[in-house]
Structures are given as structure tokens and as C-alpha cells.
Amino acid sequence: MTADPQTHHAVWEGNIEELKGLVSEKAFTGESMILNMGPQHPSTHGVLRVILELEGEEVLSCIPDVGFLHTGIEKNMEYKTYEKSIVMTDRMDYLNPMGNGLVYCLAMEKLFELDVPMRAQIARVVLAELTRINSHLVWMGIGGLDLGVTSTMTYAFREREVLLDIFEMVSGQRMMSTYFRPGGLWRDLPDEFEGAVQNVLDTFPAKIDDYDKIITQNPVFVDRTQGIGFISAEDAVAYGLTGAALRGSGVNWDIRKAMPYSSYEQFEFDVPLGQHGDVYDRFIVRIAEMRQSLRIIEQGMKRLQKEKGPFRSDNRKYVPPPRAELGRSMEAVIHHFKLWTEGFRPPKGEVYVSIEGPRGELGCFLASDGSPNPMRVHFRTPSFVNLSALEKLAKNHMIADLVGIIGSIDIVLGDCDR
Amino acid sequence: MKRHTLLQYAARSLFRRAATQRYPAERTPTPERLRGTLHWTPDGCTGCCLCSKECPANAIEIITIDKTTKQFVARYHADRCIYCGQCVVNCRFSCLTMSPEEWENAALHKQAFTVYYGDAPHVERVLEGFVSQDSASNPST
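Residue numbers (this note's numbering), protein chains in the order written: chain A, 1 to 418; chain B, 1 to 141.
There may be inaccurate statements among the hints.
Stretch-level coverage of chain B by chain A, calculated; a stretch enters the list once three of its residues show a Cβ under 8 Å from a Cβ in chain A [what the hints assert, rightly or not]: (1) 62-75; (2) 105-116; (3) 124-131.
Ranges of calculated distance between the beta carbons of each label pair, as one might list FRET restraints [stated by the list, open to error]: (4) B:R80 to A:G370: 26 to 34 Å; (5) B:N58 to A:R174: 45 to 53 Å; (6) B:L108 to A:E78: 31 to 39 Å; (7) A:M330 to B:P121: 34 to 42 Å; (8) A:Y79 to B:T41: 30 to 38 Å; (9) A:V333 to B:D119: 24 to 32 Å; (10) A:K257 to B:S13: 37 to 45 Å; (11) B:L108 to A:E192: 33 to 41 Å; (12) A:A196 to B:E101: 14 to 22 Å; (13) A:T154 to B:T69: 33 to 41 Å; (14) A:D223 to B:F15: 30 to 38 Å; (15) B:N58 to A:E113: 26 to 34 Å; (16) A:T154 to B:P121: 26 to 34 Å.
If you are wondering where the hints come from, they were derived from the structure by calculation, not from laboratory data.
Ideal placement from N, C-alpha and C gives every residue a C-beta, glycine not left out.
Here chain B stands alone, though its shape is the one from the complex:
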């Protein structure tokens, strides 16, 4: 009789609901602490660059547009990021957040992994080839 455990288990499993999910149609809610895509807002950023200095993967660059009026653009390399959340912890002004909703980060081309955050005219200037005024703020370049 002892040897029938596996058969019993298989028979019971026949009438159970499948353990797997129909993923794109059915999605589990993500926990609030999930570390997904990084977001940066220019409001409140003082350009102290703690985030880019502390990043173990050199995934963040802060580009200084104008230091006196505190205008910055963040270049985020999602392909380098290891999602440790260190930058979110050490930003004093809560400019950085990691979205628990955005975790499907696959893309077909590499450009999708370089993300620019900031005011639209500033981002445009950076895309046109603007070089940061403060070279010390970019340890990765």
C-alpha cells in the first residue's frame, strides 16, 4: 500500500486547480516594496549626486544644465541597474522612487534601456548633445 503515495498524489492533483497562472491575462498584484523601474523627478533635486556616487552599478548620471537655478536631467541606464534600491534610500529629497507596478522591462532594442528624466526642453538639449557642466557629477563617464 505504501508504494501508492505518488499515485494518490497524482490522482488528487487531477482535480486541483492548476498552480500556474495564465500570465498576461491573469496577473498577481505586486507587493508594495517591489523594486521595479526607477523614476526621478527634477522637483527638489539639489544635484548632490549621492545617488550616482553610491550606485554600485553606475546606472545613474545626473547632468547639470544650470547649477545656479538647479536644473538637472537624469540619465538612467536600466540595463546596468541591479535594482538594489540604494539610491532611493539615500536621496534626501525623495526625488527617486522605484515603481512596484513596472517590472516588465524587456525591450527589442538597446535604446529603450537609456531613459532620460527631467523637464522636456532640458531633455531635448541633452539629446542634442549637451555636455554636463559639472564633470565631477558623472563618475561613470
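Isolated chain A (complex conformation):
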């Protein structure tokens, strides 16, 4: 990309032949125009570049170009021990740090066959649901902003602050929490946790109702989203969409119900479904999901009051001993040194675990060769897979609608590129 010396406009110097097969023949005869959107564009939710083929304002085809936020986290994890790499998972999807930590810990626990105490499992569910609300609030704020409902952003970010304060109180960091560890939690939940979550449970339902009204009763928003970005249930399944993007088309698939993990089978909640598969329905599904998350948190908090057991497994081959043990047990000191200098050596094998993240199926594939470092870690991230359906969703819509469609599949580029 260089600037034209006379007009000072940026000129693309790429070879149009590279796009053969990706765009229609019209682009080569000059009937349609190729336009580059992004990567530094406020409405692409990060550094996403979309190559658009346009006829007037209509999108004929669009090619998402990812990789601008590639951080090499998966490769980097191979050079760190299992416990060290947990800090890296927080940095992938920065709106879902607890979820990333959860799926990595679940994969490790499946590989080591490590039991997690009930209190830790319930705490994980509560925190994962709080993270889901946190992520949906950001999506609602930014998604509304894309479509001209600017006030949602300030409201959503104000509410998110309450949730971030809870994460800070629990883990010591607002976003990069690193709270879930193999076998349980880093530390037990603090005493103030219960009051803070109760405050969320008391205030959020009314606020979610308000935001629902602000958006769904806004005629401009409804006109701009209904019938836009349609995908049928069959296509959604064929493209591998998951999360609200799939449920917006009416497919009842939620990993929390289909393949329960971390004691989700003991919670009562509904899976909200859309009917039409357009941007509006995906919006409604996510708003309804926030209400269901509050239901799960309420049940979880009741159970946490009763479950007062340990918060971390006491399998000393994988879990370091608490500080109190170090002063009186030689064995504990040996385990402490062994675990922190060398790390643990899990059995050889491969596991795949998936959870329902805020954006869809978040999976973790872990291969171990018996050494203290993982041989391969791969994350199946919903943003990447859902983004592949962008062309199908955006075809024959206006450019202005494309912005709403990108918002409706709720991508996070840190999650997509990792």
C-alpha cells in the first residue's frame, strides 16, 4: 500500500490475479470494484481485514483476512510447562479469560485424570457465567455502537465495571485473572464475593430489561437488523457455527447441555433459540442468554453456601502443597521443589475438551509425550470458525449492513488468531 503523490489516497499494489477464484469474474473486467476494509477499522472489532467485491454499495463477495493479531501463543505454550502456560490462555480471548483458563484446565485434568472438588467446580461455573455476561455486555455495547445505538456502549461498560471489580477481588487482576488452576482454584473465594455477586443478581435483571427495551424498541435498530445476515439452520450447521450464531438459526445445541462439564448437569437453565437466523435473532438470543446466566449464578451461589469443602485437589503429583504444609512435612517440600523446578510429567496421550464459551464452542486439544511441557496445544476457537461464514452472511447486503453482521457473529480477533 502506497500513497498516490497527487491525490494522497492510498493505492493498493497487490496483484489482482491472486484473487482469482475468490471473487467473481466481474472484478477482472472492471464491472465490480474491489475494496479493502480494515485492518485498522473501528467496526471490524479488532484488526480484521475484509476484502470486499462491490457492485455499487452491494457486497458481491467478501474475503476475511485474518492473522494481524497473531501472537504465537499455541507455539509458545509448547516451550513452557503446563502450569506456566495458564497465564498465556488469558491473553487469547481477552473478553473471556476465565473461559480460556477453564478449558485448558479441563483438558489438563482429563489428561491427568485429576479430580476437582465440588466447591471448585461450582465456583468455576459461577465465574464462567459472570465472564459470559461480561463478554455479552461488551458485545452489546459495541454491537449497538456499530448500528448507531451509541448509548448502549456507555451503559454496558458501566455494568461491566461491576463484574471486573468482582474478578479483581477474586483473582487480583481485572482481565488477566489466571484464577483456575489444574485441580481447582488458585485460592479460595474471598468472603466479600458473596455480597458482590448478590449485588449483581439484584441489580442486573432490571438493567438487562432496560437495555433490551432500548435496543429492541428502537425502530432504527430493528429495521437495520431484521432480515439482515440470514443463515438457515442447515447452512449454520454446515459451516460449523456454534454459540449464539447457531442458536439464532433455531438449532438447539449448547455444549453445557449436550456434553456437560464442571457440574453443569446439576444446574437448571434454558437454551434460548432464535427463529429466523438473522442479526436481530442473534441479538435476542444473547440478551436471553444473559438472563439464563443470572439464573445459573443464583443457583451456584446457593450451592456454594453449602459446599464448604476444599477448593483444590490434594493430589500432590500435580498440585503443589499449600504453604502451611511446607513447615512440617518433608514430603511437601520435596513436592514443592519438584513441581516448581521441573513441573509434572503427565501420562502420554491426547485429549480434546470443549466448553460453551460466550462466542460458541471453545475447544482445547492437548497432546502429551510424557515430558513436563505439552507436545502440542491447539485451541478450537469459535471466532475463527464463525468468521468463515461471513461471506455467506454478507452476500448481497449493503456495506453498512456488513458492519452489523460482523458485530452479530461476535468475533474477538485475539481469539481468532491466537
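Given the structure of chain A, go ahead and fit chain B onto it with the hints provided.
Okay, now just chain B, sitting in the frame of chain A:
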């Protein structure tokens, strides 16, 4: 009537207290678990270097002044630190703490991010160019 929700919300907000704070003047108390600037004390340190070995970001170096009398200096790279708190967890002798009060870590020059902890004469020797006797203790160099 339905369409007035946003207007009602705006009208209500007019009479509410602002959600934001006047930050430098008004400060929220920080939670006790907040992971802020790392501190190291030489008392009790045996130079086992678990902290520097386990650090995912190679932010800690333990410089051995004299191994027999257990005299060490810690060089802490605040710009590399990712504030995960792993070192605080694995120090057996509680030499490391993360202060919940110190979280405003911006500085105008890079030198501020290399912090030395230890007894003053030892730190001076390190600043004058003393090289650690135990090279194995510094995985980052």
C-alpha cells in the same frame, strides 16, 4: 409509548450521580489480592531461584553476591513482568510479595523499570558492574 424508553433512561440519568470518578483526587480502595509491583526482601532468601526459574516472563534475576553467607540481590524487570503472581506462590520463605497499593507503574524513562532489591552496599556493587557468581541462577541472561 414504548418508544420512549431511551428518553426516560436519559432523563433519569440526568439526576443520577456520575458513574465515573475524579480519578487522581478520588481513589477506590484496591482489593487485598490485587497483584501490583513485586517486592523482594533479602531476609530468609536461600537463593534457590525457584522464582526466577518459574517466572513465565523471565522478569526476576537473583544475583549471588556470596553464596556461603547467603547474600543476594534481586533484579526485577517490571517491564517484562506479567503480574501473574507465580513467584509469590512458589517462594517457600515468603521473600516475595506483590503490593496491592502500588499499581500506577507508568514512567517516562526505561530505567525505572529495572528495580534492584537487596542491602544497599550489595546493590551498589551490582550497579558498579558486579557479575553474579552463580551463572545458573540467571536463566534470562
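A quick look at each hint next to the structure:
Only residues whose C-beta sits within less than 8 Å of a C-beta in chain A count toward coverage, and the stretch 62-75 of chain B has 0 of them, not enough to reach three; the restraint is violated. By the rule of at least three residues with a Cβ nearer than 8 Å to a Cβ of chain A, the coverage given for the stretch 105-116 of chain B is violated, with 0 such residues. Beta-carbon proximity to chain A at under 8 Å applies to 0 residues in the stretch 124-131 of chain B; the threshold of 3 is not reached and the given coverage is violated. For R80 of chain B and G370 of chain A, the Cβ-Cβ distance of about 31 Å falls inside the hinted range of 26 to 34 Å, so the restraint holds.
About 24 Å separates the C-beta atoms of N58 of chain B and R174 of chain A, a value inconsistent with the hinted range of 45 to 53 Å. Checked against the given bound of 31 to 39 Å, the beta carbons of L108 of chain B and E78 of chain A, roughly 38 Å apart, stay inside it. The hinted range of 34 to 42 Å is satisfied by M330 of chain A and P121 of chain B, whose Cβ atoms lie roughly 36 Å apart. For the pair Y79 of chain A and T41 of chain B, the beta carbons lie near 31 Å from each other, so the given range of 30 to 38 Å is met.
Look at V333 of chain A against D119 of chain B: about 27 Å separates their beta carbons, and that is inside 24 to 32 Å. K257 of chain A and S13 of chain B have their C-beta atoms about 38 Å apart, which keeps the hinted 37 to 45 Å range intact. The supplied range of 33 to 41 Å is met by L108 of chain B and E192 of chain A, whose beta-carbon atoms lie about 36 Å from each other. Between A196 of chain A and E101 of chain B the C-beta distance comes to about 21 Å, which sits within the given range of 14 to 22 Å.
A C-beta distance of roughly 60 Å is found between T154 of chain A and T69 of chain B, which places it outside the suggested range of 33 to 41 Å. At about 32 Å, the beta-carbon gap between D223 of chain A and F15 of chain B stays in the expected band of 30 to 38 Å. Checking the proposed 26 to 34 Å range against N58 of chain B and E113 of chain A shows it holds: the Cβ atoms sit about 32 Å from each other. Against the hinted window of 26 to 34 Å, the Cβ-Cβ separation of T154 of chain A and P121 of chain B comes to about 55 Å, which falls outside the hint.
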